[in-house]
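Protein chains in written order, with my numbering: chain U, 1 to 354; chain L, 1001 to 1354; chain W, 2001 to 2354; chain Z, 3001 to 3354; chain A, 4001 to 4354.
No wet-lab data here; the hints were simulated from the structure. Careful, some of the hints might be misleading.
Derived DSBU-like pairs (lysine-lysine); straight-line CA-CA distance at most 30 Å [claimed, not checked]: (1) Lys-3349/Z - Lys-210/U; (2) Lys-1195/L - Lys-2208/W; (3) Lys-1210/L - Lys-2218/W; (4) Lys-1349/L - Lys-3325/Z; (5) Lys-4218/A - Lys-3102/Z; (6) Lys-4218/A - Lys-3230/Z; (7) Lys-1043/L - Lys-195/U; (8) Lys-1195/L - Lys-1102/L; (9) Lys-1043/L - Lys-245/U; (10) Lys-218/U - Lys-1245/L; (11) Lys-2210/W - Lys-3325/Z; (12) Lys-4230/A - Lys-195/U; (13) Lys-2218/W - Lys-3349/Z; (14) Lys-4210/A - Lys-3349/Z; (15) Lys-1230/L - Lys-2102/W; (16) Lys-349/U - Lys-4349/A; (17) Lys-2079/W - Lys-349/U; (18) Lys-1210/L - Lys-195/U; (19) Lys-2210/W - Lys-1195/L; (20) Lys-4210/A - Lys-2349/W; (21) Lys-4210/A - Lys-3195/Z; (22) Lys-3349/Z - Lys-2195/W; (23) Lys-1195/L - Lys-349/U; (24) Lys-2349/W - Lys-3218/Z; (25) Lys-218/U - Lys-1195/L; (26) Lys-4349/A - Lys-3208/Z; (27) Lys-210/U - Lys-4102/A; (28) Lys-1245/L - Lys-2079/W; (29) Lys-3195/Z - Lys-4208/A; (30) Lys-3349/Z - Lys-4349/A; (31) Lys-1210/L - Lys-2208/W; (32) Lys-208/U - Lys-4102/A; (33) Lys-4230/A - Lys-102/U; (34) Lys-230/U - Lys-4230/A; (35) Lys-3210/Z - Lys-2230/W.
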Amino acid sequence: MDRKGIFRKRKPPLGSVPGTLSIDEESPFPKISLIEFDRDYLKEEIIRNVENLASVISATDRVHWIDVQGLGDEATIRKLGEVFSLHPLALEDITNVPQVAKVEEYDNCLFVCLPMMRMEEDSVVYEQMSLFLGETFVLTFQERYGDVLDPVRNRMRRNSRIRSMDNDYTAYAILDTIVDNYFPVLQSIGSELEKLEEELVESISREKLKDLYLMKQKLAQLRRLVWPTKDVIGRISREESEYFKDQTVLYLRDVYDHIIQSLDMLDISRELSSELMNLYLSSTSNRLNEIMKVLTIISTIFIPLSFIVGIYGMNFVYMPELSLKWGYPVVLIVMGVVVFIMLLFIRRKGWFRK
Amino acid sequence: MDRKGIFRKRKPPLGSVPGTLSIDEESPFPKISLIEFDRDYLKEEIIRNVENLASVISATDRVHWIDVQGLGDEATIRKLGEVFSLHPLALEDITNVPQVAKVEEYDNCLFVCLPMMRMEEDSVVYEQMSLFLGETFVLTFQERYGDVLDPVRNRMRRNSRIRSMDNDYTAYAILDTIVDNYFPVLQSIGSELEKLEEELVESISREKLKDLYLMKQKLAQLRRLVWPTKDVIGRISREESEYFKDQTVLYLRDVYDHIIQSLDMLDISRELSSELMNLYLSSTSNRLNEIMKVLTIISTIFIPLSFIVGIYGMNFVYMPELSLKWGYPVVLIVMGVVVFIMLLFIRRKGWFRK
Amino acid sequence: MDRKGIFRKRKPPLGSVPGTLSIDEESPFPKISLIEFDRDYLKEEIIRNVENLASVISATDRVHWIDVQGLGDEATIRKLGEVFSLHPLALEDITNVPQVAKVEEYDNCLFVCLPMMRMEEDSVVYEQMSLFLGETFVLTFQERYGDVLDPVRNRMRRNSRIRSMDNDYTAYAILDTIVDNYFPVLQSIGSELEKLEEELVESISREKLKDLYLMKQKLAQLRRLVWPTKDVIGRISREESEYFKDQTVLYLRDVYDHIIQSLDMLDISRELSSELMNLYLSSTSNRLNEIMKVLTIISTIFIPLSFIVGIYGMNFVYMPELSLKWGYPVVLIVMGVVVFIMLLFIRRKGWFRK
Amino acid sequence: MDRKGIFRKRKPPLGSVPGTLSIDEESPFPKISLIEFDRDYLKEEIIRNVENLASVISATDRVHWIDVQGLGDEATIRKLGEVFSLHPLALEDITNVPQVAKVEEYDNCLFVCLPMMRMEEDSVVYEQMSLFLGETFVLTFQERYGDVLDPVRNRMRRNSRIRSMDNDYTAYAILDTIVDNYFPVLQSIGSELEKLEEELVESISREKLKDLYLMKQKLAQLRRLVWPTKDVIGRISREESEYFKDQTVLYLRDVYDHIIQSLDMLDISRELSSELMNLYLSSTSNRLNEIMKVLTIISTIFIPLSFIVGIYGMNFVYMPELSLKWGYPVVLIVMGVVVFIMLLFIRRKGWFRK
Amino acid sequence: MDRKGIFRKRKPPLGSVPGTLSIDEESPFPKISLIEFDRDYLKEEIIRNVENLASVISATDRVHWIDVQGLGDEATIRKLGEVFSLHPLALEDITNVPQVAKVEEYDNCLFVCLPMMRMEEDSVVYEQMSLFLGETFVLTFQERYGDVLDPVRNRMRRNSRIRSMDNDYTAYAILDTIVDNYFPVLQSIGSELEKLEEELVESISREKLKDLYLMKQKLAQLRRLVWPTKDVIGRISREESEYFKDQTVLYLRDVYDHIIQSLDMLDISRELSSELMNLYLSSTSNRLNEIMKVLTIISTIFIPLSFIVGIYGMNFVYMPELSLKWGYPVVLIVMGVVVFIMLLFIRRKGWFRK
Ligand SMILES: [Mg+2]
Ligand SMILES: [Mg+2]
Ligand SMILES: [Mg+2]
Ligand SMILES: [Mg+2]
Ligand SMILES: [Mg+2]
Ligand SMILES: [Mg+2]
Ligand SMILES: [Mg+2]
Ligand SMILES: [Mg+2]
Ligand SMILES: [Mg+2]
Ligand SMILES: [Mg+2]
Ligand SMILES: [Mg+2]
Ligand SMILES: [Mg+2]
Ligand SMILES: [Mg+2]
Ligand SMILES: [Mg+2]
Ligand SMILES: [Mg+2]
Ligand SMILES: [Mg+2]
Ligand SMILES: [Mg+2]
Ligand SMILES: [Mg+2]
Ligand SMILES: [Mg+2]
Ligand SMILES: [Mg+2]
Ligand SMILES: [Mg+2]
Ligand SMILES: [Mg+2]
Ligand SMILES: [Mg+2]
Ligand SMILES: [Mg+2]
Ligand SMILES: [Mg+2]
Ligand SMILES: [Mg+2]
Ligand SMILES: [Mg+2]
Ligand SMILES: [Mg+2]
Ligand SMILES: [Mg+2]
Ligand SMILES: [Mg+2]
Ligand SMILES: [Mg+2]
């Protein structure tokens, strides 16, 4: 979620051979786990020797979900590429993160990549999820350890409906869960925004302007992440790719609905933030008006008075008024009248109204 | 119509099995009513045992409208799902409100959901209407008791045209009535906006700015609710789904026209509110100008005068003017001339013009 | 052209039977006139008994234009609906004005409705024109007496080209004339805008801001009326509906061109009004700058001077300068120097430049 | 290029017969010239008797370019219409200028109209070019004498490639040259804008605001003229109308590229002008800030000082400070301290920084 | 990257024969180099006699990349045109730079032109790359010496995968490398923008406003350059032009992804710059508010005080207060009370809060 990451995207050297992997040095060593199941059978295993997977996934009547967490070892990634016959460009897309969400149909599998997000102690944790759906396997790659997919694993263990379905249903379940997890992120941002709104309605300050500014940046970025997933899920839920059965496509349309709702929430937040900026600006100029009204009222009343008292502070020898008995009280009365007239004038201008 | 509801949407637990119902605890217990009729026959009944419905709707020559008000009991909703063979994802959409308006064609029925709105004592009451149109039934689900459909029920009772038509016409009548009820809501907001307009043209204040701000929020939200219904009705009025007969499609196009008019009204209101914001802002700066003009006029006239009287308030021993007989009147005349010149200057600047 | 009319649209009761007519109480009683002609024959007649029309329009080799002005009698409208076999929804669209411009193809005729406008003493007179084109007739409904179609009637009487053409050409002639009459309305608004522009370039005021605000409202509304006619005429000039012959379609494309030109004019006016608002706003802040420059120049010069004279107005017993012979002239010279320095400073700031 | 021309478009009387020509009274009498050529032959001729053209253009193996400059005589235009069998609506489009650029395929020829522009002494000269491409002729109509087509005529005379091509290539050459001539117009406006930019960066003034305002108007209008030509040329370069051979279509795509470049230039100018407006506005408020800083600095320093000296200008009999020997110098020192504190305060506010 | 270049585009004379080359006088003399290779063979050669190329490229089993750097000699360009049978319009597009990025399929080859950019000491170096892909050759034209393609040349020399592929793969490698080089340019601009952002958050000034203004111009221009490449690469990666094999099309889609990412980065930068402008403006008005608050606080406190002391500076003979023993202290106390009240008033207004 760090904006600067976008301008400083790590890339393989310019003009390098296609398929060049740019491994992030901070990415952890790949942990590979396999869940293999059918209706009556479930095995969970940590894979240490990638080559063994070749024989495992040859079993066509079981679902195999191979989940790779961490991209920190090029050799492992390449070996996985060989075992699953992944296209070099797909391997590149896995490691050269972040990619814009996309779907690509290769000869032996469907490739989908999209952002995976979750809240972790008030900040958004983001990583790219790359998913391959083949005839006999679902293969997922994550940038870092930890994900949002434990509910899916538990459904597999609980012997629920997913156990009697095929690989494509597992792929759906993963995609659905990832998209479902966009909501809490968006809700948290929506709440922050509402808090800011309440504060802004109270009073205005430079700090809040900066908060608002940063919030708008965050929203723009989130939108840029989530928006392309609409096309990605839209395409696989329409085109009836051979990798997703007709029955599952109905479920993908449900995922699509959720993306639409996410984008809706995002747009509401974006509009809200724009309106808040407007509110901020008009509050500022409202405030300036009020400040200037006070200055002008004070000045309008006292500047003429000061002039009058200035006149009778002059030291001319021949100023007949000065020696009049009623001079002073008359001047006081005149000033009272001036004040009264000025107050009337100000009142007619409506400056006493809030 | 509460904006916050959008950021705090109640959801089933993340990653739960598709078809998980997230029942709102405040939703009342389902009241199920049946209206069964043909040209010569009409029966209204409160259904207590859902299973009886299976045999009722097997009668193919009658219209059956089963209306479920309240979603507060999962068992009832699930049983209805079984009796009418509703898809688990559709059941989910009924209870996990609010959904974006949508239409989905399942194997045995057409599913439409869209917002139902009405005015109740100056505030908008909103709930989601979910409608299933099958061969022999129309099944509707509402979040809460009470709706806008009494005119439809009365037309059935009055033996009007609807009695000689099929299930699809009843579905049309329901959709039409729901969409017709968008108008009073929009009219009420339009009127509020016009009142605000009149007030703003009168005078400006911080309060009205906030009112305007809230109005814009409301309008943005309404648009987001109503906009997707355009596609929904557009699709069923074009695609000639097998559930709507050709004859009825003509009527659906009329509903479509009404949605277009609603969106038109909304857009007029939105433009009006934007223009009002502009008007507010330019009024504010207009006002500042006027305030500053007054301050500047007063200052321009009196500050130089005060300087002059200040000169003759100095206590120098040798100030020949002070002892001159005509000193005082000459200074008064000089000040008169200064005032005259300043007034000319101000006049030429055009600051006396409004 | 009254904006409020839009938020207070007269509607039949919510949820009423489709085909319910909502007759405006102010609408006059229908006047029905028939023009029947072919190349060698022309008859104009006021129709009092609607039922006679059935036999009249059975003559297939003549053009029949039945023009109904005023919708104030439901019975007449309904009887016309029967004689011409109009669909109840079409009847509804005739009376429940204003409709968004639309075209609908029914079994026995084509239905087009669009706005008809004309200038009448500096204000826009608006009503809805509904036109039915059947095999043997053109049937038009207007909300009120009076229209822009006299040139068409005269062409019929003058034995011009229209006399040797078919019903569809008469329909074209009517549509063309209605669309042609958008121009004077738009021109009049364009001229108003240009007058406002000239005034705004001269000087700025709150009044003109309101004028501009109202003008923008007017333009937004006009655009909303005219914009849908683009699709309406576009569709009948493309789709080669069976009611318009190929030859006439070429003429309809000419009408389409005119609508494009109207929308162009509207958009020019809209852009102009937006730019005027910008101009207004920047003029206002320009002006504020100028006002504040004057205030600041006056203050910058005189406030320090007033301070200096204030010093020598103090009544300390021991102020040696006071009794110096040259005290007074020296202070005058010092003040002159202060003024000179201040003027230099102001000049360098560029505040004397316009 | 005169904006007002658009709101005051000369039109035939409203509702007149299609094909009514609205001849501009200022349009000169038509001058008709013919260039007839093939590879080995070239004849240039001034045509006085329009009827002769009928036989001329019957020669199918030669190119005939008939160029009509000036539309000031209805009879001539009509006679040309007869000789070339032009549709009455096309004749109307020739004379009722300006039309939005368009292409129309008639039975015997293709009709294209588009704007022709050139710079003439710092101002844009605009007229409408109407072009008919038939089997054996190219017929062009211009509003006024003089055009940009001399290079095309010279290429014909010079026996260049155009001499061995067909009528469609001549039509292409004309269109290409017209579109090429959009560049100098756009360049001239671009340069004006850059000059304005340089001036605005220097200093701001009301005059430049008006210049910018007028420039934006001009650009909006130019875009409105040029934009529709994109569709026009796009259509004839795609649709392979029978009047343009495949080989020539490749050339038309080149023209299309040039229009895209023109629109690009226009959009750059438009963005530039918008940014300039922004720059103007923020410069204005920057400036106000600076002015107010000066006023506030002066006031903050001198108003408290003036108060202090005012105190000791009071004439109370019992003011012990007044008779103190050190009263005056102490007050001077106190005022020095006040100034120092105020300067510190101002410095900390950052008001001395630019 | 110089904006003015766009308004002053060098063009062949208006209306000149299609295929007229407008050679830039500053363009260097063409340097032509050939790389010829297959899996087992590689030859690099500087070509001096263009005619020799005809026989070289007749070898169908090798890849030939002919790279022309510099367009400064029309004869050479024309001779190349003959040897490779290039269409005159394509030759024109090579030399009449800059063209909008485009792809055109000619009879014997595919023509692609697009911008090539690289950073050279903090400034963007831009030139147009024109590429022809034929059956047996890849021919590239550059405006100037030097490019970003050395990595491609090295891959050829290193005997990597490219050596066993066909001409279309070499074309892909060139396009990919050019597009990859958009990133560093965009990153550099992104960083500049972030630096500006940090500065703006610190303090505001006229200089930074101009920097921001120039940055927005730069971004608008870059977008205009890069945007059309999306269509160009999109088309060749979809349409399966015969010049690109199916296998290579997959690689072109990867290039397309990179363009999407570039446009994404551009849009992020554009939004950022817009938000910065907003931030600038609201900071300015915030600042004005603060300045005016200080002025108003000072004035509100001292102007009334100055009036009071002014009263007792009047020289009336009969002012009883003046001779009271407690007159002076009482006035001081009164003024203290006034200050206290004013401070309360200011505090309640919230002007002491930041
Ligand atoms: Mg690469
Ligand atoms: Mg992870
Ligand atoms: Mg989901
Ligand atoms: Mg998309
Ligand atoms: Mg959106
Ligand atoms: Mg779910
Ligand atoms: Mg759902
Ligand atoms: Mg309800
Ligand atoms: Mg309705
Ligand atoms: Mg939609
Ligand atoms: Mg209707
Ligand atoms: Mg809209
Ligand atoms: Mg109705
Ligand atoms: Mg009428
Ligand atoms: Mg017309
Ligand atoms: Mg439309
Ligand atoms: Mg026309
Ligand atoms: Mg438009
Ligand atoms: Mg006409
Ligand atoms: Mg001419
Ligand atoms: Mg050209
Ligand atoms: Mg277009
Ligand atoms: Mg070209
Ligand atoms: Mg554009
Ligand atoms: Mg050319
Ligand atoms: Mg180069
Ligand atoms: Mg690449
Ligand atoms: Mg674009
Ligand atoms: Mg594109
Ligand atoms: Mg990739
Ligand atoms: Mg964008």
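Results of checking the hints against the structure:
1. Lys-3349/Z - Lys-210/U: 19 Å, holds
2. Lys-1195/L - Lys-2208/W: Measuring from Cα to Cα gives roughly 21 Å; hence the hint holds.
3. Lys-1210/L - Lys-2218/W: Cα-Cα ~26 Å, so holds.
4. Lys-1349/L - Lys-3325/Z: Status violated; Cα separation ~51 Å.
5. Lys-4218/A - Lys-3102/Z: 35 Å, violated
6. Lys-4218/A - Lys-3230/Z: Holds, at roughly 26 Å.
7. Lys-1043/L - Lys-195/U: 53 Å, violated
8. Lys-1195/L - Lys-1102/L: 35 Å, violated
9. Lys-1043/L - Lys-245/U: 44 Å, violated
10. Lys-218/U - Lys-1245/L: Violated. Lys-218/U to Lys-1245/L sits at ~49 Å, over the 30 Å cutoff.
11. Lys-2210/W - Lys-3325/Z: 66 Å, violated
12. Lys-4230/A - Lys-195/U: 41 Å, violated
13. Lys-2218/W - Lys-3349/Z: Violated. Lys-2218/W to Lys-3349/Z sits at ~48 Å, over the 30 Å cutoff.
14. Lys-4210/A - Lys-3349/Z: 23 Å, holds
15. Lys-1230/L - Lys-2102/W: 16 Å, holds
16. Lys-349/U - Lys-4349/A: 21 Å, holds
17. Lys-2079/W - Lys-349/U: 63 Å, violated
18. Lys-1210/L - Lys-195/U: This hinted pair holds, its Cα atoms lying about 16 Å apart.
19. Lys-2210/W - Lys-1195/L: Holds, because 16 Å separates the two Cα atoms, which is no more than 30 Å.
20. Lys-4210/A - Lys-2349/W: 19 Å, holds
21. Lys-4210/A - Lys-3195/Z: Distance ~16 Å between Lys-4210/A and Lys-3195/Z Cα, so the pair holds.
22. Lys-3349/Z - Lys-2195/W: 47 Å, violated
23. Lys-1195/L - Lys-349/U: 23 Å, holds
24. Lys-2349/W - Lys-3218/Z: 34 Å, violated
25. Lys-218/U - Lys-1195/L: With Cα atoms ~37 Å apart, Lys-218/U and Lys-1195/L exceed 30 Å; violated.
26. Lys-4349/A - Lys-3208/Z: Violated, at roughly 40 Å.
27. Lys-210/U - Lys-4102/A: With Cα atoms ~43 Å apart, Lys-210/U and Lys-4102/A exceed 30 Å; violated.
28. Lys-1245/L - Lys-2079/W: Distance ~28 Å between Lys-1245/L and Lys-2079/W Cα, so the pair holds.
29. Lys-3195/Z - Lys-4208/A: Satisfied, since the Cα-Cα distance of roughly 21 Å is no more than 30 Å.
30. Lys-3349/Z - Lys-4349/A: Holds, at roughly 21 Å.
31. Lys-1210/L - Lys-2208/W: 25 Å, holds
32. Lys-208/U - Lys-4102/A: 47 Å, violated
33. Lys-4230/A - Lys-102/U: 16 Å, holds
34. Lys-230/U - Lys-4230/A: 20 Å, holds
35. Lys-3210/Z - Lys-2230/W: 35 Å, violated
When the structure is compared with the earlier hints, violations turn up for hints 4, 5, 7, 8, 9, 10, 11, 12, 13, 17, 22, 24, 25, 26, 27, 32, 35 and for no others.
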